[in-house]
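> In order, the protein sequence lines correspond to chains A and B.
By the count of numbering that gives the first Met the number 0, the first sequence reaches residue 174 at its end, each step adding exactly one.
By the count of numbering that gives the first Met the number 0, the second sequence reaches residue 174 at its end, each step adding exactly one.
No lab work stands behind these hints, which were simulated from the structure alone.
Among the hints, a few may not be true.
Chain copies aren't distinguished; within one or between two, either way the pair holds.
[Stated by the list, open to error] Only pairs whose alpha carbons sit at most 30 Å apart, straight line, appear in this in silico BS3-like list of lysine-lysine:
| # | residue 1 | residue 2 |
| --- | --- | --- |
| 1 | K2 | K104 |
| 2 | K174 | K79 |
| 3 | K174 | K3 |
| 4 | K174 | K104 |
| 5 | K60 | K2 |
| 6 | K174 | K146 |
| 7 | K104 | K3 |
| 8 | K146 | K102 |
| 9 | K60 | K43 |
| 10 | K174 | K2 |
| 11 | K171 | K146 |
| 12 | K97 | K60 |
| 13 | K43 | K174 |
| 14 | K60 | K102 |
| 15 | K125 | K102 |
| 16 | K43 | K2 |
| 17 | K43 | K3 |
| 18 | K97 | K2 |
2 protein chains.
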Amino acid sequence: MAKKVAVLVVNPVNGAGLFQYLEAFFENGIPYRTFAVSESTDVKTNSGISMQTDDVIANLKGHENEYDALVFACGDAMPKFGENADMQFNQDMLVVMKNFADKGKTMIGHCAAALLYDTLGIAEGKRVALHPFIKTVVKSCIGTDEKAVVDGNFYTAQTENTLGELIPELLKVLK
Amino acid sequence: MAKKVAVLVVNPVNGAGLFQYLEAFFENGIPYRTFAVSESTDVKTNSGISMQTDDVIANLKGHENEYDALVFACGDAMPKFGENADMQFNQDMLVVMKNFADKGKTMIGHCAAALLYDTLGIAEGKRVALHPFIKTVVKSCIGTDEKAVVDGNFYTAQTENTLGELIPELLKVLK
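Using the sequences and the accompanying hints, generate a full structural model.
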């Protein structure tokens, strides 16, 4: 049976990354629900397009058991994450991410996803694909130069431009 | 100087295709404006996400001179194009597409884009990349099995999954 996926949408989000996941899930009958990492469901893509998610991150907290996998769709919100780390929606995102990982669920993400996993200490000793700029920044997980890496329950891609190599692996585990 | 691009967004649109164009344009400083092939700017992705374009196709008609290139972002609206061909927004799209082609502007698209070019007779004798299902359907242009093809002012990709091969070519001509 297809697994159910929760998709985290930062604001702004890279639309090319987000929709490579969503259209692949849609075409393969994998159910998903999108959650804005924001106070409202109104978010923007990096490219400036307004879009609406299904829900907000606050409403995913405590409902982790209803999902089998968590996608982190990266975007231009991330370079500014440091200055906004104390916002409630970012705190909620970290809690949700840790809860999914603690339950051994499938963790999926590209670009700066591994930086968050590293910060939370949830991918200890795991090999990850990640943006080249942060390869040497991560400490508890192992940064690589690979386009896509699967290690245990962690599925990571270097950037949105290498998701084509990760998505076939996602379909194997989620379908 | 960067060229200005008009982007046609059918409803529903494949978000993975649309946003690979838009994020690449955004990251490379190429100005663009999105036009819904619809009566309103509220459209959906195949994957069911609501989004808003900048404008509607009716307002692009007669303004073709303000742009250097036209992108056709394909989507699940296309399999039903036949039954909706007489809708005003679809008629407007065909007129706009013909006007761009007649002025020799850069024509960009994936999947079923070449089927529209073929119907309009604007890519006569041109080699095109297109969805495998329609390779033998096109008559005035030459269907190929290639992932991406540039022939004169026509830039085509087989599907949204092969846009990674077309986009570097687009950046060369648009930047």
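> Each hint needs a verdict: does it hold in this structure or not?
Against the structure, the hints come out as follows:
1. Proximity of K2 to K104 under the C-alpha cut-off of 30 Å is restricted to the intra-copy arrangement: shortest distance 11 Å within a copy versus 45 Å between copies.
2. For the identical chains of this complex, K174 and K79 are inter-copy neighbours only, at 27 Å across copies versus 34 Å inside a copy, given an alpha-carbon limit of 30 Å.
3. When the C-alpha separation of K174 and K3 is checked against a cutoff of 30 Å, the pair qualifies only within one copy, where the shortest distance is 9 Å, while the shortest distance between copies is 41 Å.
4. Within a single copy, K174 and K104 get their C-alpha atoms as close as 15 Å, which meets the 30 Å cut-off; across copies the closest is 43 Å, which misses it.
5. For a Cα distance limit of 30 Å, the shortest separation of K60 from K2 inside one copy, 19 Å, qualifies, whereas the shortest one across copies, 45 Å, does not.
6. In this assembly of identical chains, the alpha carbons of K174 and K146 lie at most 30 Å apart whether taken from the same copy (22 Å) or from different copies (26 Å).
7. Proximity of K104 and K3 under a CA criterion of 30 Å is satisfied intra-copy only: 11 Å inside one chain copy versus 44 Å between copies.
8. For the identical chains of this complex, K146 and K102 are intra-copy neighbours only, at 26 Å inside a copy versus 41 Å across copies, given an alpha-carbon limit of 30 Å.
9. In this assembly of identical chains, K60 and K43 lie within 30 Å of each other by CA distance both inside one copy and across copies; the values are 22 Å within and 27 Å between.
10. Taking the shortest Cα distances, K174 and K2 sit within 30 Å of each other inside one copy (6 Å), while across copies they are farther apart (42 Å).
11. For a Cα distance limit of 30 Å, the shortest separation of K171 from K146 qualifies both inside one copy, at 18 Å, and across copies, at 24 Å.
12. Proximity of K97 and K60 under a CA criterion of 30 Å is satisfied intra-copy only: 11 Å inside one chain copy versus 51 Å between copies.
13. In this homomeric assembly, K43 and K174 come within 30 Å of each other (Cα to Cα) both inside a single copy, at 29 Å, and across copies, at 24 Å.
14. Taking the closest pair of Cα atoms, K60 and K102 come within 30 Å of each other only inside a single copy of the chain (14 Å); across copies the shortest separation is 54 Å, beyond that limit.
15. In this assembly of identical chains, the alpha carbons of K125 and K102 lie at most 30 Å apart only when taken from the same copy (16 Å versus 55 Å across copies).
16. In this assembly of identical chains, the alpha carbons of K43 and K2 lie at most 30 Å apart whether taken from the same copy (27 Å) or from different copies (24 Å).
17. Taking the shortest alpha-carbon separations for K43 and K3, both the intra-copy value of 24 Å and the inter-copy value of 21 Å come in at or below 30 Å.
18. Proximity of K97 to K2 under the C-alpha cut-off of 30 Å is restricted to the intra-copy arrangement: shortest distance 19 Å within a copy versus 45 Å between copies.
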